[in-house]
Structures are given as structure tokens and as C-alpha cells.
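Student: Order-wise, the sequence lines are chains A and F. According to the working numbering, the first sequence is numbered sequentially starting from 1. According to the working numbering, the second sequence is numbered sequentially starting from 1.
The reader is advised that the hints may include incorrect statements.
Copies of the same chain look alike in the list, so a pair counts if it works inside one copy or between any two.
In silico SDA-like links for lysine to any residue, alpha-carbon gap of 25 angstroms or less [said to hold, decoys possible]:
hint: 1; residue 1: K146; residue 2: P166
hint: 2; residue 1: K110; residue 2: G54
hint: 3; residue 1: K142; residue 2: K158
hint: 4; residue 1: K156; residue 2: A53
hint: 5; residue 1: K110; residue 2: R69
hint: 6; residue 1: K110; residue 2: V61
hint: 7; residue 1: K146; residue 2: A53
hint: 8; residue 1: K158; residue 2: R69
hint: 9; residue 1: K110; residue 2: A53
hint: 10; residue 1: K110; residue 2: L58
hint: 11; residue 1: K110; residue 2: G63
hint: 12; residue 1: K110; residue 2: F66
hint: 13; residue 1: K110; residue 2: N56
hint: 14; residue 1: K110; residue 2: G71
hint: 15; residue 1: K110; residue 2: N46
hint: 16; residue 1: K146; residue 2: D165
hint: 17; residue 1: K110; residue 2: P60
hint: 18; residue 1: K110; residue 2: E65
hint: 19; residue 1: K146; residue 2: G44
hint: 20; residue 1: K110; residue 2: R48
hint: 21; residue 1: K158; residue 2: G73
hint: 22; residue 1: K146; residue 2: N46
hint: 23; residue 1: K158; residue 2: E168
hint: 24; residue 1: K156; residue 2: Y167
hint: 25; residue 1: K142; residue 2: F74
hint: 26; residue 1: K142; residue 2: L27
Hints listed in this document are in silico derivations from the structure and should not be mistaken for laboratory results. The structure displayed is predicted, hence computed values, not measured ones.
Number of protein chains: 2
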Amino acid sequence: MQRNGHRSCVLWFTGLSGSGKSTIANLVDQLLFERGAHTYLLDGDNVRHGLCAGPNLLAPVYGSEFAERFGLGFGQQDREENIRRVGAVTELLANAGLICLTAFVSPYRKDRDLVRAWVERQNGPGTFLEVFVNTPLEVCMKRDPKGLYQQAIEGKIKNFTGISDPYEAPDSPELELRTAECSAEQCASQVLSYLTVQGILP
Amino acid sequence: MQRNGHRSCVLWFTGLSGSGKSTIANLVDQLLFERGAHTYLLDGDNVRHGLCAGPNLLAPVYGSEFAERFGLGFGQQDREENIRRVGAVTELLANAGLICLTAFVSPYRKDRDLVRAWVERQNGPGTFLEVFVNTPLEVCMKRDPKGLYQQAIEGKIKNFTGISDPYEAPDSPELELRTAECSAEQCASQVLSYLTVQGILP
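Given only the sequences and the hints, what does the whole structure look like? Please build it.
Tutor: Listed below in C-alpha cells is the structure:
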């Protein structure tokens, strides 16, 4: 959609908890906004209570059988469906002409590749940009902004990516950001440069 | 979001199959586009293969257990979840600054009211506009553009709204369009006028 003065795409940030995905995605969103771009950022905050609500939020409204079936917890199937729903929405947002940013751990390669295939099938090649926020586990554990790694190590959180669950790094992401070596601002500006080089931004 | 030169909202078209929802929603979308508005239209065509895909589409990719759980068929629970997912996406699209149009039968008052509550909680009062496409059943059956009523009468389609399943008309829709008395163009222009009066369009 040329109306917006830029091409649309999906910027899919993936990386460990504490890697800096949300921080950088928010910075990129802000920089894009300042350049007059039309953007939307999807993260846990805006899907957890709606599109990907858990059983406990759905049960009071829709009943427990419905909530058990469609509500998303932390099992493998639930995580797959979480990424599938988010991916389907990114496809629609890109189709609406927006630059859509997402910030989810999205640990499984297969799930990310399925989103890529779906987005590109609907919006054309080069519209799905995988941004690997490559921060060493030790650095993420040291940052531990929400104290989640500590809880995972103590066994209080099961299936925690990086501790008790695998993180499958992208094979060939469009972008790789090394937050242990560069500031969040430097990483964000790397993303903007890439969008310009790719002709997504004018 | 004032960047777009208009306010954002959800225009939720509801009515029987064959009532003219899609025709009018597409016309409104076109008129809004011509006025420079940023819009997105959600209907069966763009959610059926992605966000609200059925079990048969999901099974080859995700396996049959996953497909049975999350794939949407035509049962009551499936229809509820279909409208819930679409509603959650309209909330995000309105939040992104767009005028979001939807064209789904959405026969149950409770489901529409839940979407209304959710959209207005996130985007503010007056952002959910229910457009009742009020076409008498006899007229819809006579039009029967896809031959669905005929199949429903012959019992080949179960749970068909208007024949074997109820349609619960809105109690107090923001707009009521009577397609038996007005042309689709007249109905569309009625919607545009309403958006202007409400200050959504400048």
C-alpha cells in the first residue's frame, strides 16, 4: 500500500527472555513513528488478554469447557497456537499496509518458519523479516529483569526457554542483533538502516 | 490516532446470509479509501485460511490433535471462538488507528456484545459501531447467491442461521440498513454520513 509512503512488512523479533526484544522493538516502533510510518507492535501485553487469553480469563465468560479448549497456557500445543494466531494477525496487519513488529520468544524454528511462509504467501516475498536478538544466555540470566530465570532455576517455573526448554536459533535471520556488544539504540538504528536498504522505508 | 486524519473504530456488520453485509461493507471500504481513510475489511475470505482456519487446514501442518482442538468448524463453541478471535483482531486494528470493517453473520447477541465490550474497553466508548443489515429472511432466501438456503432447506447444511439456527437481531444497533428498500449504494452512503456525524470522519 503506497498510501502510507512505505512498504509493509513484518519485523519478527525472536530471542530469549531478557534478550532485549521488547526494548529494541519499542525503540524501532518509536523511530518509525517519528519518520511518519504506520506501525503496530504486538507483544504479550496486547494479546495476552484478548486474542491469546488463557483459560482463567475465558472461563468466567465462556464456561470452563470452552476455556480449556481455546484458552492458551504454556504447553507445547498452546505455545504453537499462540505463535500461529499472532502470525495470522501479522499477516493481516501487513496486508493492511502497516509495518508490524512482534516481540515474542518464539523458540521453535518450525513455528517461525510457518509464519514466514504464511506472511510471504499473502503479502509477497521479502515481507517477513526475522530479527534474531542474539544475547548469550548468561547475559540474559544476569539481567533477569522479571526474576524469571531465578524462578526457573529453582524449578518454580516449568518449561522455561533456555533453562528447561530449548531455544532454536534462526538459521538465516534477515537481521542479527548482538545486544551484549551494542546498545539498544545501536541495534534499533541497525534495523532502520536495513529497512531503508530493503526499500521498505523510502 | 490523529495521524490518519480520522478517528479509528470498528464497523461491525451483522445480518443473515445473503443480507448484503459483504456487498455494503466493501462499498463502504471503497468510499472510505477514496476519502483517504485507512481501513481494513475482515471477512470469511481473509480469516478462514489463517486465524480461523478449520481442522482440515491445520491437520496436515500441526497434526490431528492440534487441529481438532484449535481448528474451527461449525459447532456452537467453534462459532463463538470464531467471533471472539475476529473481535480481538478488530480491537488491535482499531488500536492501530484503522477503521476496521467486519462482515460476519455473527448471529448471537452475546458474542457481539462481548466484542463491543472488549473493543470499547481498549479503544474508548463509541468505537464499536454495530451495523444491522436488516433484510427479511424471505428476501435473503430469494437472493440465495450461493445456493446455501436451498441446501439448508434440503437438510444438506446443518445449523444454518435463519433456517435451523436462530438469528438474534441487535436490540439497539448504531445503524440499521434496510436493503429491501434501499440500494447497496444508498446503504453505504448512510454509513458514511453516520461516521461524519459521529466525528470519526472529518
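Student: Hints first: check each against the structure and report whether it holds.
Tutor: Results for each hint:
Taking the shortest alpha-carbon separations for K146 and P166, only the intra-copy value of 20 angstroms comes in at or below 25 angstroms, while the best inter-copy value is 49 angstroms. For the identical chains of this complex, K110 and G54 are neighbours both inside a copy (23 angstroms) and across copies (20 angstroms), given an alpha-carbon limit of 25 angstroms. Taking the shortest Cα distances, K142 and K158 sit within 25 angstroms of each other inside one copy (19 angstroms), while across copies they are farther apart (58 angstroms). Only within a single protomer do K156 and A53 lie at most 25 angstroms apart by alpha-carbon distance; the minimum there is 22 angstroms, versus 35 angstroms between protomers.
For the identical chains of this complex, K110 and R69 are neighbours both inside a copy (23 angstroms) and across copies (19 angstroms), given an alpha-carbon limit of 25 angstroms. Taking identical chains as interchangeable, the C-alpha atoms of K110 and V61 lie at most 25 angstroms apart only when they sit on different chains, with a minimum of 10 angstroms there against 33 angstroms within one chain. For a Cα distance limit of 25 angstroms, the shortest separation of K146 from A53 inside one copy, 21 angstroms, qualifies, whereas the shortest one across copies, 35 angstroms, does not. Proximity of K158 and R69 under a CA criterion of 25 angstroms is satisfied in both settings, with 21 angstroms inside one chain copy and 23 angstroms between copies.
When the C-alpha separation of K110 and A53 is checked against a cutoff of 25 angstroms, the pair qualifies both within a copy, at 23 angstroms, and between copies, at 18 angstroms. When the C-alpha separation of K110 and L58 is checked against a cutoff of 25 angstroms, the pair qualifies only between copies, where the shortest distance is 14 angstroms, while the shortest distance within a copy is 28 angstroms. With identical chains, the CA atoms of K110 and G63 are at most 25 angstroms apart between copies only, with a shortest distance of 13 angstroms across copies and 32 angstroms within one. Taking CA atoms no more than 25 angstroms apart as the test, K110 paired with F66 passes between copies only; the shortest distance there is 15 angstroms, against 27 angstroms inside one copy.
With identical chains, the CA atoms of K110 and N56 are at most 25 angstroms apart between copies only, with a shortest distance of 19 angstroms across copies and 28 angstroms within one. Proximity of K110 and G71 under a CA criterion of 25 angstroms is satisfied in both settings, with 22 angstroms inside one chain copy and 19 angstroms between copies. Proximity of K110 and N46 under a CA criterion of 25 angstroms is satisfied in both settings, with 24 angstroms inside one chain copy and 23 angstroms between copies. Taking the closest pair of Cα atoms, K146 and D165 come within 25 angstroms of each other only inside a single copy of the chain (18 angstroms); across copies the shortest separation is 49 angstroms, beyond that limit.
Taking the closest pair of Cα atoms, K110 and P60 come within 25 angstroms of each other only across two copies (14 angstroms); inside a single copy the shortest separation is 34 angstroms, beyond that limit. For the identical chains of this complex, K110 and E65 are inter-copy neighbours only, at 17 angstroms across copies versus 29 angstroms inside a copy, given an alpha-carbon limit of 25 angstroms. Taking the closest pair of Cα atoms, K146 and G44 come within 25 angstroms of each other only inside a single copy of the chain (14 angstroms); across copies the shortest separation is 40 angstroms, beyond that limit. Taking the closest pair of Cα atoms, K110 and R48 come within 25 angstroms of each other both inside a single copy (22 angstroms) and across two copies (22 angstroms).
Proximity of K158 to G73 under the C-alpha cut-off of 25 angstroms is restricted to the intra-copy arrangement: shortest distance 12 angstroms within a copy versus 33 angstroms between copies. Taking identical chains as interchangeable, the C-alpha atoms of K146 and N46 lie at most 25 angstroms apart only when both belong to the same chain, with a minimum of 18 angstroms there against 37 angstroms between chains. In the homo-oligomer, the alpha carbons of K158 and E168 lie at most 25 angstroms apart inside one protomer (18 angstroms), although the nearest pairing across protomers, at 44 angstroms, exceeds that limit. Taking the shortest alpha-carbon separations for K156 and Y167, only the intra-copy value of 19 angstroms comes in at or below 25 angstroms, while the best inter-copy value is 48 angstroms.
In this assembly of identical chains, K142 and F74 lie within 25 angstroms of each other by CA distance solely inside one copy; the values are 24 angstroms within and 49 angstroms between copies. For the identical chains of this complex, K142 and L27 are intra-copy neighbours only, at 22 angstroms inside a copy versus 55 angstroms across copies, given an alpha-carbon limit of 25 angstroms.
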